Structures are given as structure tokens and as C-alpha cells.
Amino acid sequence: MDYELIGITVLWTFLYGYLIVASIDFGAGFFSYFSSVTGREHIVNKVINRYLSPVWEVTNVFLVFFFIGIVGFFPSTAYYYGTALLIPGSIAIILLAIRGSYYAFHHYGEKGSKFYQFLYGATGLLIPASLSVVLTISEGGFIVVESDHVYLDYATLFSSFYSWTVVILAIVSVLYISACFLTFYAYKARDMDAFKVLRGYALFWSFPTIMASILVFFSLNEHNPTHFENMVDLAWMFSLSFLFFLGAVYYIWKEKNLGLSFIFVMLQFATAFYGYGASHLPYLLYPHLTIYDGFTNEAMAIALIIAFIAGLFLLIPSLYLLMRLFLFDNKYVQGKK
Amino acid sequence: MIEYDPVLYSRILTGLTLGYHVIFATIGVGIPLLIALAEWIGIKKNDEHYRLLARRWARGFVITVAIGVVTGTAIGLQLSLLWPNFMQVAGHAISLPMFMEVFAFFFEAIFLGIYLYTWDRFKNKMHHFLLLIPVVIGASASGFFITTVNAFMNSPTGFEIQNGVITNINPIAAMFNPATPTKVAHVLSSAYLTSAFVLAAIAAYALLRGKNHVYHKKALHLTMTVAAVFAVATALIGDLSGKYLAEYQPEKLAAAEWHFETSTEAPLVLGGVLDEDQNIKYALEIPYALSILAHGSPTAEVIGLEEFNQDELPPLIVHYFFDAMVGIGIFLAFVSIAYVVIKRMRKWNEHNRLLLWAILLGGPLSVIAIEMGWFFAEIGRQPWILVGYMTTAEGATTSAHVDLMLYLFILLYLILTVSCITVLRMMFKSNPVERELKNRGIE
Ligand code: HDD
Ligand code: HEM
Ligand code: HEM
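Protein chains in written order, with UniProt numbering: chain S, 1 to 337; chain L, 1 to 443.
Don't read these hints as lab results, they were simulated from the structure. Owing to the predicted nature of the structure, the values given are computational and were not obtained by experimental measurement. C-beta: ideal position from N, C-alpha, C; glycine also. It cannot be assumed that every hint is accurate.
Here chain S is said to cover these stretches of chain L; the calculated rule only asks that three of the stretch's residues, wherever they fall, bring their Cβ under 8 Å from a Cβ of chain S [as the list claims (entries may be wrong)]:
id	segment
1	90-103
2	383-397
Every beta carbon over 12 Å from chain L, so not counted as near; a handful from chain S, in silico [to be verified]:
id	residue
3	F65
4	I98
5	L157
6	R190
7	I214
8	Y286
9	Y320
Kindly produce the complete structure, drawing on both the sequences and the hints.
Here it is in C-alpha cells:
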């Protein structure tokens, strides 16, 4: 593999990591608010809080990793995306800021402010919607490059059918991933009341998720036929994704093997996400920027890859410790610690 | 109406976000060290007061970390949004430490999460303390890495520019540029100093309000001792920073000192105002002191502003920032050393009201010193964003609507500040020390 591919693979992997952990977190915020509005707060909130409390900060780092890493590996992205995304980027920052701080205020400060909880729940859906815009834009047709001027064409963006399907997919996937995870977690915690409610959410959101994926698939054909053809070449990955989806839903339906079922959910998104990414290559921004002309110099690439590997040696054991203490420690999960 | 200028608004917005972030970043670097000291002393001396101190500090710390994280995320993205041209160059030369900084955060975040939720989970208390070590290391390492990036902007090394293209890049040389040693050392030591003073101010406030519990006295003793050590260190390293400037960025030092003509036996100018002909009025001059600050000898020659290209000079207002920082530094050193000395003298009372008031004042003053130091360092670098290579105007975005974003962020930071203060106050009011001591069966 050449350095360019290693670089984009590392970054894509972190984005995938963010997709999973952040979806759990975003969706949980929404469910927590939704259930308190519908009077079922006491049933599900314990499960949600027990899982979320120790890990919220870790989630954010995945995102930071991605956007700092991409400037390191592909400095030209800073120029194109940085210039064009001032407004959507700033809005995403503000939403993230509200969410992060009010999460902490709600949980570590004095308990039980409905307003904080509302902010937390609402931002959980708005953030994925606003972040998904970046992927939409990368398909080309929205960023205008004129000699030394780069800008985003909002009129085209907001009137594009494709961009709205992506937003819908982002929101329903968040709810689906999160509900599946929490179903598993509640089951582990032996909290059967919460389990029932959450399982209902998971099943409810599964169908819209798959419908939205199909919709995106076909609207991409309209928007960027080249990319669509590349995706068709990788059809096996997307078919695999569909099979994983069926497996996951089946187990949740049958109320068994819930751990495996969540692994299937992760695989469902992994295959689709890497399939999408691979077929997008070599473009970082269609058709202006590829991973080859936007790449950093060789010395920096090697330094970043070494730093990355060294970093993994530090991170993997630490993440393992975190998961052992809070995710796989049955006594903790069941609230006995 | 002034005409819309994206460069100007980008500078204001960057300064605003960084100036806000650095408050939380600074205590984010320093407080883990103090929590660790308190917990360690608590375990060693088997003194539950110190462990409770660690516990309560950690609880407040989470709130400030949250704001540190969200504003840090903001500045990380804003660097690309507001300075796309600069980041394109910086990405080639200095992205290594930025990348490593994220690992440091990661490491810190994981262990902070574990630490907070495992207070009573281990039989051996030492195990819980050990979880804090990665937090301390991670926090200081992130301060280290990001400061090397800023050092690089002040003295770019480790690359060459041939026909407008960057080549021959050496990421390690870029990271360990000439500004790195003094800059990193000064930033870290001032962060420990500031954190100690902020926590000391809280203890002093409690004592001033007549809460005479030994818990507060122990807190004051610990924080003031740490503050005394780092006040001296900060001043010494600050002196070395002056020597760095004299060698590599003499125009910044000259601007800070309103030193117009190159001369030997140069005096240090404190305060004062400039008239139209750039004559200094009403200032206090300390003879030879600038020569000593710059080169360590009273007779050394110090380069004046006259020798530089007149449109590449930093604004002269940085003089006041510099004076404020140094003045506060001297005050903090004086107060903390006074506390330590008086405490040693058994006959004297280290809890007299005057000293307590000075300590209370030291908390906000130390934060102001941090701000002044950064404003001096950053504005003193103007008109350059990368000294000698790229001006600030060249690095900026060309987007429309930066002004609108500025107003949005001002609003955001106002809301965050108000909420942060409210939450912290509620948190400690609803659970005062005395009650927590009882509830935990400490007394
Ligand atoms: C509590 C905070 C604090 C205190 C008491 C001091 N400083 Fe400072 N100073 C900083 C906090 C700081 C800082 C915020 O950390 C800066 C801003 C940029 C930097 O590198 O560190 C800084 C920068 C800075 C610079 C500019 C470095 C550069 O631009 O590269 C110099 C020359 C000094 N300091 C010198 C001093 C001296 C002689 C002090 C005497 C007591 C002093 N500082 C006290
Ligand atoms: C955290 C403490 C810091 C504070 C309070 C601070 C403050 C400021 C201020 C006030 C400006 C505007 C200067 C002007 O335009 O006159 C500025 C500019 C800037 N700073 Fe810093 N800064 C800090 C640290 C850093 C660090 C560590 C970096 C490097 C990653 C950095 C990167 C920049 C950039 C890119 C600009 C814009 C270009 C410029 O105006 O020179 N700053 N900062
Ligand atoms: C000298 C000035 C700075 C210091 C000492 C500093 C230090 C810190 C600290 C201690 C945190 C909290 C991290 C945590 O507890 O997890 C933080 C957050 C952050 N800082 Fe700064 N910072 C500085 C300037 C900057 C600059 C210029 C940038 C932009 C590149 C930046 C980027 C970030 C980011 C992205 C985060 C959030 C990390 C996360 O998600 O955990 N910082 N910073």
C-alpha cells in the first residue's frame, strides 16, 4: 500500500469509530429526553447514564482525531474544505459545544434539569445532520472553485434531493445504532423493563434505516453517476451489509444473542462505510482534489504513521481497561458497583 | 460602518476563542497535578482531609474540563476554517505535534473517565491514585505538544521554500525549533502556578468568610507551597524567554520595552505613555535591567526598533501586556513566598487577613497574567503568522460572514461562562465541606 492509502485508511477508521461511538451517544441523548417526555424516564435513564457517564469525553476525541489527522495527512483539505465550510463548520462547533458542556452540567452538576436534557437531546440529532453535510459536499457539485476563490453554493446544496436523503440517513442510523446498543446493554444489566422499551425502539428504527440507505444509494446515481458505478462494482460489500442487518434485526426480534447482534450492527455499518469510502477514492473532493495531489510530503507521512502506531500501543490497552471496567464488568453494568 | 475584512474578523475570532480556551486549558494542565499531590499526601499521611480535597477538586475539575474540551474542539476546527492557507503550510511542516496532541488527549480522557468513577472501587487506595498519573502526564503532554506548534510559528525551522514550494521537511526539527525550550517550559510552569493560585484563592475565600476548618488550612498550605515553587520557576524561565527573544525575535522584545534605539546599558521601561514623537513619558526606568533581561549582562547591547523594516513592526501596545504579566508574576512570587516564610515562623500567623486577601486576589490575577502573556506573545508576533515566511493576512480565509460567526461565538462563550459559574456554585453550595466531612464519617 502506498502512504496515501495508509493515511486515508487510518483516518477513515477513526471516522468509523466516531460514527459508532457518537451514534450511541447522540441517540442515547435523544432517547433519554424522549422517554422523559413520555413519562418513561425512570425506566431507561439508569441504563443510559450508567453507560454514558464514563465515556463521553472519549467520544469527542475520535472526531478531533479525524479533523486534525486529515490536515496532517492531506494539508490541501484545509484549504478547500476550510474555506468553503466556514458557516456549517461553525454551526457544528456550536452544537458540539452546547452538547458537550451541557452533558457535563447535567450529569456532574446538580441533577435533573429538563432544559439541559432537552439541549442534549436536540443537539444529538442536529449534529449528525450537520456533520453529514461534509460527506455530501465531497461528492462534488456544491463547492465552487474559481481561480483563487473557493465557496459553497448553498442554493444548490439546500435544493438537492441527494443532500436531504443523506441527512435523513444520518439521523435514522444514529437512532438505530444507539437503540441496538442500548438494548444489548440493558439486557446485560438485567434491567428487563428498560430492555423492553429499548428493544421496541431498535425494531422501530430498523426499517427506516434500511429504506434511507436504499434511497441514498439511488439518489447518488442522480447526483454523481461515476461514484455510483464504482459502488456498483463493490456491490458485494453492500450486499454483505444487508445480510448483517438482517442478522442483527433477527436476533433482536428473537431476544437472544444480543452481543452478537450488536456486532452485526457494527459490521453492517463497517461494510457499508468502507464500501462507500473505497468507491469514493481517489477523490477527497470530487473532482478537485484526490488523495494523491493533496498529500503531505513523505517525511511527514512517515512521521505521522510512526506516531500513529506508537499511539495505538498506548491507546489500545487503555481502551481495553476502560471497557473492562465499565462495559464488560457485569457488576458495574448491573449497578452493583 | 467599517468595511468587511475577513482577515480582521478572523484575527478577532481566533484571539477570542484562544483567549477563552486558554483559561480552561491552563487549569486543565495544572489541576491534575494538584489533585494528584493531594491524593498522594492523603494516602501517605493517612489523612482523609487531603483525600476529600482531591475528591472535591476533581469534581469541580470535570466541569472546567468539559468547557476545555468543547472550546478546544472549536479552536481545532477554527484553525482550518479561519486560516486555511496557513494550515495548508502548517500541515506540511508541523502537523506531527498536533497529531500527537490528540493522542495525549485520548490518553487523558480515558483515564479521567476511569478515575472519576472508581473512587471506592479498589481495596488498595494506591491503585486509584495510580489512575491519575496518566491524566497528569496526558494533560502536560498536550500542553507540551500544542506549545511546540506555537513555538514553530515564532521561529519556523525544519523546512525550506524553493520557488514557492515547501521542501526538505524535517518534522522533528520543526517541532524542536529554537523557541520550543523556553516556550514550553514557561507555559507549563505558569499553568501549574496559575492552577495553584486559583485553588488557593478558593481556600483563602473560605477562611476569610470565617470558616476556620483545618480542611481549608491544609488546602491553603498545599497550594501555596506549590505556588511558591512555580512562581520562582516561572520568573526564572521568563527571564530565559527574554533571552530567547533577544536572540531570535529582537523586534518583539524591543516593542515590549519601547526600545527604539540600539544601545548598551539599556534600561527596562515600566508603564508610561508615548507622545506623538514616540517619547516615553511618566515611565519608571530600571537602569541596566533590559540589558540583563536580554543578555544577562548590564552592559550588553540591545537592538532597537529603528533597525527593522518599519512596516514589519508589532503594535507597541504589547508593552502594557508585558508589564502586566511581569508585574503580576512578581506579586504572585512575593505573596506565595511570604506565606511559606510566615508559616515557617511559628510566632507569626499565616492566616492574617491581609495575606488571605492577597492570595484571594492572586487567583484572578494569575489568570490575567496568562492572558496578558499570550496576548503579548501573539500580537507581538504580528504582522507575521509564520515569522519570516507568511503574514497573517496571507494566512487568512477569504470567506464572507466571518463577522457573523464572531457574534455567534461571543454569544456561545457568554452562555458557557454563565452556566459554568452557576453549575460550579450550585455544586459546592449544595454540598458544603462540613456536611461532606460528616457524611463520609471523616469526623
Ligand atoms: C501566570 C502566568 C505568567 C507569569 C507570572 C509570567 N508569565 Fe511570561 N508568559 C506567560 C505566562 C506568565 C504565558 C501565558 O505562558 C506566555 C505567553 C506565550 C508563552 O510562551 O508563554 C508568556 C510569555 C512570555 C514571554 C514571551 C515569549 C515569546 O513570545 O516567545 C516572555 C519574554 C515572558 N513571558 C517573560 C516573563 C517574565 C520575565 C516574567 C517574570 C515574572 C513572566 N513572564 C511571568
Ligand atoms: C492558548 C493561548 C493563546 C492565546 C490566548 C492566543 C491568542 C491569540 C491572539 C490574541 C491572536 C490574534 C493576534 C492578532 O491578530 O493581533 C492570535 C492569533 C493566532 N494564534 Fe494564538 N494564542 C494562543 C496560542 C496559540 C497556539 C498554541 C497556536 C498554535 C497552534 C496559535 C495559533 C494562532 C494563529 C494561527 C493565529 C492567527 C494568526 C495571527 O493573528 O497571528 N495560538 N492568538
Ligand atoms: C497553549 C495553549 C493550549 C493549551 C495549554 C491547551 C491545553 C488543552 C487542554 C488541557 C485541554 C483539555 C483536554 C482534556 O482534558 O481532554 C484542551 C482541549 C483541546 N485543545 Fe487545547 N490547549 C491549548 C491551545 C490549543 C490550540 C491552539 C488548539 C488547536 C489546535 C487546541 C486544541 C484542543 C482541542 C482539539 C481540545 C479538545 C480535545 C478533546 O476533545 O479531548 N488547544 N487543550
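To see whether the hints hold, each was checked on the structure:
1. 90-103: holds (count 12)
2. 383-397: Answer violated; 1 residues pass the 8 Å Cβ test.
3. F65: Contrary to the label, F65 of chain S does not stay out of reach of chain L, its closest Cβ about 5 Å off (not over 12 Å).
4. I98: violated, 8 Å
5. L157: Answer for L157 of chain S: holds, closest chain L Cβ roughly 15 Å.
6. R190: holds, 20 Å
7. I214: holds, 32 Å
8. Y286: holds, 19 Å
9. Y320: Incorrect as stated: the minimum Cβ-Cβ distance to chain L is 10 Å, not above 12 Å.
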